[in-house]
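Undergrad: Could you slot chain B onto chain A? The hints should help.
From first to last, the protein sequence lines stand for chains A and B.
Everything in the first sequence is counted per the working numbering, starting at 1 for the first residue and increasing by one.
Everything in the second sequence is counted per the working numbering, starting at 298 for the first residue and increasing by one.
No lab work stands behind these hints: they were computed from the structure.
There could be a bad hint or two in this list.
Lysine-lysine pairs mimicking DSSO-like chemistry, simulated, CA-CA at most 27 Å apart [what the hints assert, rightly or not]:
| no. | chain 1 | residue 1 | chain 2 | residue 2 |
| --- | --- | --- | --- | --- |
| 1 | A | 53 | A | 151 |
| 2 | B | 494 | B | 316 |
| 3 | B | 367 | B | 391 |
| 4 | B | 511 | B | 316 |
| 5 | B | 343 | B | 482 |
| 6 | A | 101 | A | 75 |
| 7 | A | 193 | B | 391 |
| 8 | A | 193 | B | 431 |
| 9 | A | 266 | A | 252 |
| 10 | B | 367 | A | 200 |
| 11 | A | 200 | B | 391 |
| 12 | B | 494 | B | 313 |
| 13 | B | 367 | B | 313 |
| 14 | B | 316 | B | 343 |
| 15 | B | 343 | A | 200 |
| 16 | B | 431 | A | 200 |
| 17 | A | 53 | A | 200 |
| 18 | B | 343 | B | 313 |
| 19 | A | 53 | A | 193 |
| 20 | A | 101 | A | 53 |
| 21 | A | 193 | B | 343 |
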Amino acid sequence: MNRNRIGYFFREGLGSIFSHGFMSFASVCVIVACLIIMGSFTLLVLNVNNMIKQWESENQVIAFVDEALTDEQAKALETQLESLENVTEAIFVSRDDALAKYLSSFDPDENDLFSDLEPTVLRHRYMVYLEDIEHMADTQIRLNEINGIAKVNAHLEISEGFVTVSRIVGLVSLSIILILLIVSMFIMANTIKLTTFDRKEEIAIMKMVGATNGFIRWPFVFEGLLLGLFGSLIAFLVQWGIYEVVVTQIGKSSAMQLIQALSFGKIALPLLGIFVATGFIVGIGGSLTVIRKYLKV
Amino acid sequence: MVRMTNVCKAYENGTKALKGITATIDDGEFVFLVGPSGSGKSTIIKLITGEIAPTVGSVIVNGYDMETIKPSQMPMLRRTLGVVFQDFRLIENKNVYDNVAFAMRVIGASSKEIKRRVPYVLELVGLDTRTRRKPEELSGGEQQRVAIARALVNNPRLIISDEPTGNLDPARSLEIMMLLDRINKLGTTVLVVTHEKELVNRFSKRVIAIDGGKVISDGMDGYYNYES
Numbered sequence: 001m002n003r004n005r006i007g008y009f010f011r012e013g014l015g016s017i018f019s020h021g022f023m024s025f026a027s028v029c030v031i032v033a034c035l036i037i038m039g040s041f042t043l044l045v046l047n048v049n050n051m052i053k054q055w056e057s058e059n060q061v062i063a064f065v066d067e068a069l070t071d072e073q074a075k076a077l078e079t080q081l082e083s084l085e086n087v088t089e090a091i092f093v094s095r096d097d098a099l100a101k102y103l104s105s106f107d108p109d110e111n112d113l114f115s116d117l118e119p120t121v122l123r124h125r126y127m128v129y130l131e132d133i134e135h136m137a138d139t140q141i142r143l144n145e146i147n148g149i150a151k152v153n154a155h156l157e158i159s160e161g162f163v164t165v166s167r168i169v170g171l172v173s174l175s176i177i178l179i180l181l182i183v184s185m186f187i188m189a190n191t192i193k194l195t196t197f198d199r200k201e202e203i204a205i206m207k208m209v210g211a212t213n214g215f216i217r218w219p220f221v222f223e224g225l226l227l228g229l230f231g232s233l234i235a236f237l238v239q240w241g242i243y244e245v246v247v248t249q250i251g252k253s254s255a256m257q258l259i260q261a262l263s264f265g266k267i268a269l270p271l272l273g274i275f276v277a278t279g280f281i282v283g284i285g286g287s288l289t290v291i292r293k294y295l296k297v
Numbered sequence: 298m299v300r301m302t303n304v305c306k307a308y309e310n311g312t313k314a315l316k317g318i319t320a321t322i323d324d325g326e327f328v329f330l331v332g333p334s335g336s337g338k339s340t341i342i343k344l345i346t347g348e349i350a351p352t353v354g355s356v357i358v359n360g361y362d363m364e365t366i367k368p369s370q371m372p373m374l375r376r377t378l379g380v381v382f383q384d385f386r387l388i389e390n391k392n393v394y395d396n397v398a399f400a401m402r403v404i405g406a407s408s409k410e411i412k413r414r415v416p417y418v419l420e421l422v423g424l425d426t427r428t429r430r431k432p433e434e435l436s437g438g439e440q441q442r443v444a445i446a447r448a449l450v451n452n453p454r455l456i457i458s459d460e461p462t463g464n465l466d467p468a469r470s471l472e473i474m475m476l477l478d479r480i481n482k483l484g485t486t487v488l489v490v491t492h493e494k495e496l497v498n499r500f501s502k503r504v505i506a507i508d509g510g511k512v513i514s515d516g517m518d519g520y521y522n523y524e525s
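In isolation and in its complexed conformation, chain A is listed as follows (with noise of 0.2 Å):
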């Protein structure tokens, strides 16, 4: 194609928006609408999946060293845990230090009551983060495998709760998402009819003087896609100083002080680009579907 029809295409795209403005108007308040809504679903399953990773994170299993090996072999066991499969990281944490964080929790006036316990009557441990939760259970029977380790404890219920509520949540935006994205599609083709319709005779007259399918085709892409670009521009706008707003407002929250939100600056690319090439398939495809019929002559 070159540089001429590329031209003339965008300029007919470009013309047809304008006399038809009232309908360019409705596809793209359309497209902004749903885009908003699609992009407040991606931003919510971000954030979650954020917090999921962050309680994740946080959730370590703990493998109890036997107390018949010596310190320097308790802590020789570091490298077998850590070269384990779903193993990110393993922290050495010795009876003096585990004794130490169990007092700590406690009201130092009552510190007292302990003052007679000996280190010897706790065990050295492992604090054994895990790279995904959801293969817990499998880390747990390796751990338990390995020699000098005598007994692992992990919140298995905990990491499948997490793992069920991040595939519901994944599973529920994706379902919307999708749906939203077939809606504006929809609703695009259905715009790109109009028009189509409205000129239909200018295609008859287009078929008739010997205007190849392509040639009368590129001018509705061009249309489609330029109304697609400039209502996920629109959106991506819109959706940042709805965002911004929001995440202000759970800040002041005192009752939502345990969210911390994703900052905007962060998921701003691939939002855009999320946003961008809906607005892409969106408008190409609707366009495209509908020029089909009018096509057939």
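TA: Below, chain B without anything else, positioned relative to chain A:
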């Protein structure tokens, strides 16, 4: 050139529009195709322009066999044709110049070619002083001249005019017919579909009359003797 050999056309609803039409229109001819409503005139035009295919028989238009033509060749066939309709079919939001230039643009003609050809064609049809007018600002006769200019601008081998004077008064009708005659004298084959007896009889041209899907007369006497 158009060659139809034993052409039959039956529509999906069972209507038999054509029942064995055989006719040839040679390059450079001026032919009137006449007949009453429902006689099959429109079906013949649709067969020539490739909108429909014959059920039986062969239709060859400017070297393209309509039975075997590929969809990708259809635009090329249509570039050899210029079609003029009764209702003009102009684009309302484009001016005279752009309506004519549009037909060149959509087949990928360069701006240079468009700037050279469109003024020439508009002058030929007598509209060189009204290039910036919108169709609604023109009379019926002038609008039909724009439609003829549009049909002519891509230099087709055959101009098909479907009831070109159907919406015009007798004086304007005569002007249009004289314009088509002039175009024919410049070398373009012209096929005019009409049922205006007086107009046909004013020109000494070949007249093909059809009725009930059959050719009932084909003569060079230029006399429309069929009662519609």
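Undergrad: Take a quick look at whether residue 53 of chain A and residue 193 of chain A sit within 27 Å of each other, Cα to Cα.
TA: Between residue 53 of chain A and residue 193 of chain A the Cα gap is close to 45 Å, so the pair fails against 27 Å, i.e. violated.
Undergrad: Against the 27 Å threshold, does the CA-CA distance of residue 367 of chain B and residue 200 of chain A hold or violate the hint?
TA: holds, 23 Å
Undergrad: Measure nothing beyond the straight line between the CA atoms of residue 53 of chain A and residue 200 of chain A; if it is 27 Å or shorter, mark the hint as holding.
TA: Measuring from Cα to Cα gives roughly 54 Å; hence the hint is violated.
Undergrad: Would you check the hint for residue 101 of chain A and residue 75 of chain A, treating anything up to 27 Å between C-alpha atoms as holding?
TA: Cα-Cα ~19 Å, so holds.
Undergrad: Need the status of pair residue 193 of chain A, residue 431 of chain B: alpha-carbon distance at most 27 Å?
TA: holds, 26 Å
Undergrad: When you check the alpha-carbon spacing of residue 343 of chain B and residue 313 of chain B, does it fall within 27 Å?
TA: holds, 15 Å
Undergrad: Does residue 101 of chain A pair with residue 53 of chain A here, judged by a C-alpha cut-off of 27 Å?
TA: Within the cut-off at roughly 25 Å; holds.
Undergrad: Below or equal to 27 Å on CA atoms is what counts here, so check residue 431 of chain B against residue 200 of chain A.
TA: It holds: about 19 Å lies between the C-alpha atoms, which stays within 27 Å.
Undergrad: Does residue 482 of chain B lie within 27 Å of residue 343 of chain B when you go C-alpha to C-alpha?
TA: holds, 25 Å
Undergrad: What's the verdict on residue 193 of chain A and residue 343 of chain B, does the C-alpha distance respect the 27 Å limit or exceed it?
TA: holds, 26 Å
Undergrad: Could you grab the alpha-carbon distance between residue 494 of chain B and residue 316 of chain B and see if it respects the 27 Å cut-off?
TA: Holds - the C-alpha atoms of residue 316 of chain B and residue 494 of chain B are around 24 Å apart, at most 27 Å.
Undergrad: Within 27 Å, alpha carbon to alpha carbon, are residue 316 of chain B and residue 343 of chain B?
TA: holds, 15 Å
Violated hints for the displayed structure, listed by number in ascending order: 3, 17, 19.
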